[in-house]
Amino acid sequence: MSTQHLTPAPPPPVAQARTAPPAALTVLSEYGIFIVTAATIVLAAVAVNGFASTANVVDIFHRAAPVGIVAVGMTFVVISANYIDLSVVSQVAIAGVTMLSLGADDLPLGILCGIALCVLVGLTNGLAVGVLRANAVVVTLATGGASLGVLSLVTSGTIYYGSSGGLVDRFGHTRLGPFPLVAVSLVVVAVAGWFLLSRTVFGFSLKSLGANRAAARLAGVRGGWTVTGAFVVSSLCCAAAGFVLASISSTAVATMSNGYDFSALAAVIVGGNSLFGGRGSVQRTMIGVIFVSVVANILVLVGLPFAWQQLVTGSIIVAAVALDSLSRKAGIR
Amino acid sequence: MTVDTTGHILDVRGVQKRFGGVVALHDVALALRPGERHAVVGENGAGKSTLMRIVAGILAPDSGEVLIDGQPVGRGATAALDAGIALVHQELSLVPELSVAENIDLGNCPTRYGFVRRREQREHARAALAEIGVDLDLSEPVGRLSVAARQFVEIARAVARRPRVLILDEPTATLTPSETSHLLGLLGRLSDQGIAILYISHRIPEIFELCESATVLRDGHLVARPDLADITGDELVDLMVGRELAKDLRTERRERAPGEVVLRARDVSAAKVRHVDLEVRAGQIVGLGGLVGSGRSEIVRAVVGADPRTSGTVELRTGDQEWTPLRSYARAVRLGVAYVPEERRAEGLALGMTVADNIALPSRGRLNRLGVMRHAAMASLAQDVIGRVGLQPPRPRHEAGQFSGGNQQKIVIGKWLAGSPRLVVLDEPTRGVDVGAKAEIHQLVRELADDGAAVLLVSSDLPELLDLSDTVHVVRDGRVVGTLGSQDATESAVMRLAAGKEEQIV
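Residue numbers (the UniProt record's numbering), protein chains in the order written: chain A, 1 to 333; chain B, 1 to 506.
Hint data in this document are derived by calculation from the structure and do not stem from the laboratory.
Only a predicted model underlies this, so the values are computations on that prediction, with no experimental measurement involved.
Just so you know, even glycine gets a beta-carbon here, dropped at the ideal spot from N, CA and C.
Heads up, none of these hints are tricks.
Covered stretches of chain A (in silico footprint by chain B; criterion: 3 or more residues with CB under 8 Å from a CB of chain B, positions within the stretch not fixed):
no.	segment
1	190–201
2	204–214
3	219–227
A few chain A residues that don't get close to chain B, going by computed Cβ distances all over 10 Å:
no.	residue
4	H62
5	L107
6	V138
7	Y161
8	L167
9	I248
10	V294
11	L301
12	A307
13	V312
14	S315
From the derived model, a few chain B residues whose C-beta atoms are all more than 10 Å from chain A:
no.	residue
15	I68
16	R122
17	R126
18	A127
19	D137
20	P177
21	H182
22	D234
23	D277
24	R327
25	L444
26	D451
27	R476
28	L484
Bound conformation, chain B alone:
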């Protein structure tokens, strides 16, 4: 690619990286001018995060170099930080027990004779938050903040270091539309100050809104470096996936006739959940919309019993006229409840176990004879599920942690397919998942409903929520504040309810 380094603030040349036998990056170059807003795009596993981690000094490349102002950056994350490269992580890297102010100064804390200068620290944090236009209590422990607020603390921490290059890896995955537009505005202002922005996202509209240019990676190779003014979103997606896929994304919506009520939740309350009633029918997809932090995840966790309820009853239809109350979560699983949690890596998968073991785990009750596991049955189940979800590569004996985010999510969903679940609860099933895997996951969700499962879906991705759901309940402050049928569910209708501009009597 370009060798001309004149006027470049960041210059990445000929970077190679292998993990074991797999080439993660092959001869990748990247150059940024001061104030340039540049997107790095590609499917999951294309090498975006690896490239960003190399630029930020977290990983050392096998060959190639990273230059700031034409000077090579030393090894290690600290050297990169000192050179002015700041990374906002995809997976949050804050200390939950420490306060907002302490987290913002983490690793860069003002001290005198080894003692922390609290007042200076607070001033520093206050200034950083003011700069990004976010108002948070400085002494609040970060663990008590919403995921979105934590994301902004993370950004404040990066900005507080006055970086020359700011890297953001999927910063909007957990943000609502209004928070996203706030962030994009902020990034625009920062770039006007001369900070170069490197932006990773799966959300094509955002990329076009913010960035001028893009680097497209596919399987670790640099395939294009288009100016975004010259191409359309569909063309960019085609470059990413290397095939024409954009059209598959919107499959025809199939009309389903919902069956009988399968899940009946009455007056459910829990932490951050206030008196929620819910019904889901067989073959129906019920969506929960709302802002991040509105209590959607808490509602589904209380409904399935993953978190304790303080009041209310939840019943599952287990026969023609037979309703069984869901008292404990383990019992719910045995009765046919499948729950795909929001935190895939923390709660969805045992990353150190094989794909086959992960898939067998929820079905272990059926995969044994007198308490002895049937290994042949486990293997054939794994083969079935892997084929059905299209796991890439299709290796049942690889550890789950070796797969990309999208494929990990396929394992998480796939492990529940085996049991023909009565109720499937999905919390953000496609967060951080590339376009290809996303379409496949949507297809799986539709198939589950077509097969007669009742599906309860939480998603912050509005097009996804509207596309998949037959009915959308909008949640605010832990309550259902409105219900929209598939005809009247539009993005603006959901957002008006979610933001509290309008309330429907339920």
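Bound-form chain A, shown alone:
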């Protein structure tokens, strides 16, 4: 698929590139989501009343921001191998609640403690999965469940409010021109994530681990620590998402981030990141975030109930996973 033809023609067209998967499938799995997203947006702009308004577009980003930030972190975990992080629900809630409860008196302390608690969960996940090679689903389900349990016990359902006019509250309601700061924060996190994954040694090592763990290890990559790094990136994103989510409504409660594991994973998969690890990028996750948010927005505008939204999102994920598996199958002999 190289587009460079500047080099002189190589010796006879060798019968060596023998693994190229069917072209249509490659195009579909590589670029399908861009086409589908664009088509959906165009269709919605024409057919759905109120979709194309500036207010609605801004609203889409506004709603997409916290879960999109979680998805950026999840991208690192997924790419490092076929791992996923199911403890994000708990981490986002812990961050949000800690920042508003402790932060009521001393905001920097609240933020710091929120980040520290998330990183603690991330480190536990990373060490168990990366160094001890425990199963990621089980580990993150367990750490997520346990930490959310502790949070519920401690808060016993209390809703915490940000002080009106305080930093949290202001962050949620400030606009940069037409753009809410919340939406801008998603872009900032995505750019940082892109840089970390695509431009740094850490990101390169992470991708190579996902592509072939044994080969990466034999090239000197320290697998356990690199995977731990991925889980810590995920927890930092959760801390950021917790802050952003709390700022939107200026409230925090233990149940604030229910469903974030599923939604973030949906964005990662729908964007075309391989669940088998090794392939993918933050850009893809962002396309996934946009697509999933646009679809959810359309369903709301059209007036379909929440159950339908779940059904549609679920179906989209099944289709994306099937395509991922199919393209992998076609690519491997």
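Assemble chain B onto chain A, guided by the hints.
Only chain B this time, still in chain A's reference frame:
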């Protein structure tokens, strides 16, 4: 080619196959009589494996057909099996967790009401192993067997199905000479029973020993179908490569004056490794010979630290008077140790990553500034390495998995060239690699030594081992049982030590 199908058991006609834009097979025909022993030869990427997979029903041809007794074989591997075509895979296809008996019956398991009939299964497996003259514990999980034993289980599985055409794709790549001659004898007996044998191998002497005729493929085209009685090995190689290359294979051996000791391993023990001492000097190639399963791979893995050691010390010279102990593998890599593992596809390469990324991986420590990868430096490194190893086609942005075996191996070796390694450890560097690529890889290994690297080489290919090594240590049961200098290292001397007929006091 021949259209006369009288008396043919297998008839393959006009087979075409494309992968993406690349023609893998172009109008290839093949016909076999019952009991015929026929070789399929060609360089890597010539289309041999593709042709075999089409015959075995694993791949569907774009056009053309496969006939057994004049009847077209249905689509799919099961139809081919039912028609009597059995394939012994090049890359082993056994389930490591299942026992020998279960693997032999895999997919063909005797059942009653959906329950496995264990006793019948064991009898069946025992008979199949007896038929091929191999003695193995039926309840041993296959994952614990040596690679050679697994190869024989694979053959037993194929033979147990009473095939009419038996296809073997590089069956001897992992076998020692005595195991190879056992296998060739077995194949001779099977063909006497009327089974037609299709045999793929890079080893020319074997082909002449076993086969009567051959199909020569080059770049997906059928170029010749000689009777092997009529031609010599050199002529066959010339047909395969389409140029006179056989003479290049033996380059003049250059005398090197070994420098100072670079690697010092003392009393190293690990799983299957018992108290090994090793020294390798700068510019010296030290070979490890021995039977498959003797512990050579385990020794080098323990030495570089890829597998844990239970005792012993390994030190690398990192300066004039400076020795650094190798404690972790990642540290060894940073100190200039390059390790090319035996399992190229599983451990050597990330097949889904580009050539350029694979090449950059071990050098990522030098290819960054403050943790940020320098993409321009990565690209120029890839260009350098690709030129140096002669990768074909020279495309840094293609995925590694798209290249043939020989070219993949060039990437695996090439990625270590960038760092000017102090110690290069190569485990079976030319296994499953065609003659052309093999000569190029040998040249690379010599260049590495000429440039002052210490080279530790494991090879089951005796001519290669003797040709390249300055010193050969022979390994048996995880120990070094003898050391031969370049003058006294002969095939028979190595084999006598390896098989335990003679022991030298070290």
